[in-house]
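Since the structure of chain A is provided, determine the placement of chain B on it from the hints.
Sequence order for the protein chains is A and B. Each residue of the first sequence is one higher than the one before, starting from 1 at the first, in this note's numbering. Each residue of the second sequence is one higher than the one before, starting from 1001 at the first, in this note's numbering.
Derived by calculation from the structure, the hints in this document are not laboratory data. Each residue gets a CB set at the ideal place from its N, CA and C atoms; glycine is no exception. Incorrect hints may appear among the rest.
[Unchecked claim] So, partial list: chain A residues that the calculated Cβ filter (under 8 Å) puts toward chain B:
| no. | residue |
| --- | --- |
| 1 | Pro146 |
| 2 | Tyr147 |
| 3 | Arg237 |
| 4 | Asp242 |
| 5 | Gln244 |
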Amino acid sequence: MRMRRRWAARIREKARKAHAPIGLYLGLSFVILVLFLFLPQFRTPLNLSNLLLRSIPLLAVAAGQTFVLIGAGIDLSVGSVISLSTCVASVTMEHNLILGIILTLASGMAVGLANGIGVTKLRINPFLMTLGTTIIVSGISLLIRPYPGGTIPQVFIDFMLGSVGGVPVICIVFFVVIAGVGIVVLRKSRYGRHLYATGGNLDAAKLAGVRINAVLIASYIISGFAAAFAGLYMTARITSGDPQTGSPFQMQSIAAAVLGGTALTGGRGGIFGTVIGVVILVMLGNVFNLLDINLYWQQVLRGLILILVVGFSQFRALTRSRTVLGASQSAQGTGERR
Amino acid sequence: MKRFAIGALSLVFLLGIAISAMAQAPSYTQFGKYKKEPPYKIGFSYHGGGIDYDIQFDAAIKWLANKEYGSLISNLYMTDAQFDVAKQQADVEDLIAKGIDGLIISPVSPSAEVSLINSLYDKGIPVVVVLGEYDGNKYTAYRASNAQDFGRIGAEWMVQQLIKKVGSPKGSLIVLHGVPGAAAEIGRWDRGAKPVFAKYPQIKIVGEGAGQWAYDEGKRVITTLLAANPKADMIWSCGGQMSLAAAEVCAANGRYDCIISGEDYNGLFKFWIANKSKGFSCIAPTFPSWIANTGFDAMIQVLLGQTVQVKEVFPPPTITDDTVRNYVVPSLPDTIWVATALPKAVLQEMYGKK
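In isolation and in its complexed conformation, chain A is listed as follows:
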């Protein structure tokens, strides 16, 4: 009995500390179980493999976005960086594959660096700075490739989408690496701690000796790199460069991170939650299609789910802060009476 109580207490404590609402994890697990049991098309190996394949670009870009959001910023340019990456890849890879990959990733990091410098050194609001770079980068993409096309080496496509016996092995590796590296950097590294500190309270972090500018610039570079990687992956998926392909990822990446419990106000969140957010978003689209739900209803439901999950998370944070405030006030009152 005492053991059970201790376990329950530990679970409650874990839930309290979790970045994403624990209810979300339980709810998602329940939904997946129901889908497995009652929607035969969902559990087919082909469908599960497709889900994995299409989750990679969103996972990469949402992971990068999570870094920026934790630093109390926002990166609207990720969609345009994906488009740029496909365009750069499609004009460079046919000449030299390795150089093409390096240039593509470097272009994304360069946009991230520009965003970081704009936000920290020039003190431009992150929303406006990254909106500006979105417009610039979209224009550059159209200059590089006014319409879709280009030649992508087959060896690159085969590698990025590689599967063994129908199992998308490379995809699984990408999934694990992106999630794993993200979690380790944020939770275990000094950089991660500094990023949380900077996003949570900029002044306090500064006083504590954190090099906030360097930390924030690095978060934008990581986001640019992640978006460029997503672009490379999309290049393999669409086997061409396309100046429009990244646009939908702009909002989806923010939605995935926020769904997973990352706060738009900074200092709170994590990659594990983002992974859950990505799974939810990718699964929603899939299940809506499998259930043949009308597109307009799909949009209504997507919006409702986003508001419900984020609203629940906010409500939970609010009630928790009230509880803490109440406890401290009552402690103060007790102290005074003493």
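Structure of chain B alone, referenced to chain A:
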């Protein structure tokens, strides 16, 4: 020797004729290759979604499936990609997961779906590509309107009008794009109209903007571009409701003489007829939604085991000053696209009397 030479030459000549005839002859699908027992599950992955054209398009396909092939079809699954390449790929994968018997697809981009469609074709799934530009060559059937002709016809008419107006192909041009990078935009502008204007070096492009094929965005863009270039001679519009927006902005500036290209939008036709006496003139190549219905027909035929022509590209029917009155539907709202397979009664039911 002479006879032999004449005989050999004749043979070569005949062979040449035969080979060129074979090269030009349309190819047909293999008889019975995709034959299946009905009823069929058909998947339709549409490139857009949400705008007037798409709503009408959606209704036309469902009407056809129900009226003509009701007993042959058990399920018609339709998805809208909303001009999102990644979403269209996901949609197609989902349709395949649902076990469809055949896929009809209007691609978002001419190239992005090529590898996906190739892989489905190689797996033996019948794929019919419809409507727009497509760069691949592996499909069961292809039914499209020639987007390049759409752009070319409008541009050539505009140049002729310019010559009539100023005596030479010399003037200024504003270009109103749809969605940059989209298949229809590439076909109509990059591969259709642009090469026509490029032949006349004295025609200068003085402004360009993307109206997203929407009325409000088109109006905002053209208002700015016309304010910057109030004497522009021509506006080439990539079609959609943007053409009406361009015509209205010109009219508001007293520029009924501005040469504009349009599309088969009922609102534009009403404006056109109402302002013809003031000097307004236009041309409307069409992007008929009934072409997708021909793709649907092709899909049903191959599933029934019949043979169909692999590739059919229809020239865009064009509406001019002389014929616009035959196409306008005054009793219906502006938002109707007149080149549709939907009967007027169905349109009345959908949109109601004005």
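Results for each hint:
no., hint, in the structure
1, Pro146, "holds, 7 Å"
2, Tyr147, "holds, 4 Å"
3, Arg237, "holds, 6 Å"
4, Asp242, "holds, 5 Å"
5, Gln244, "holds, 4 Å"
Checked against the numbered hints given earlier, the structure satisfies every one of them.
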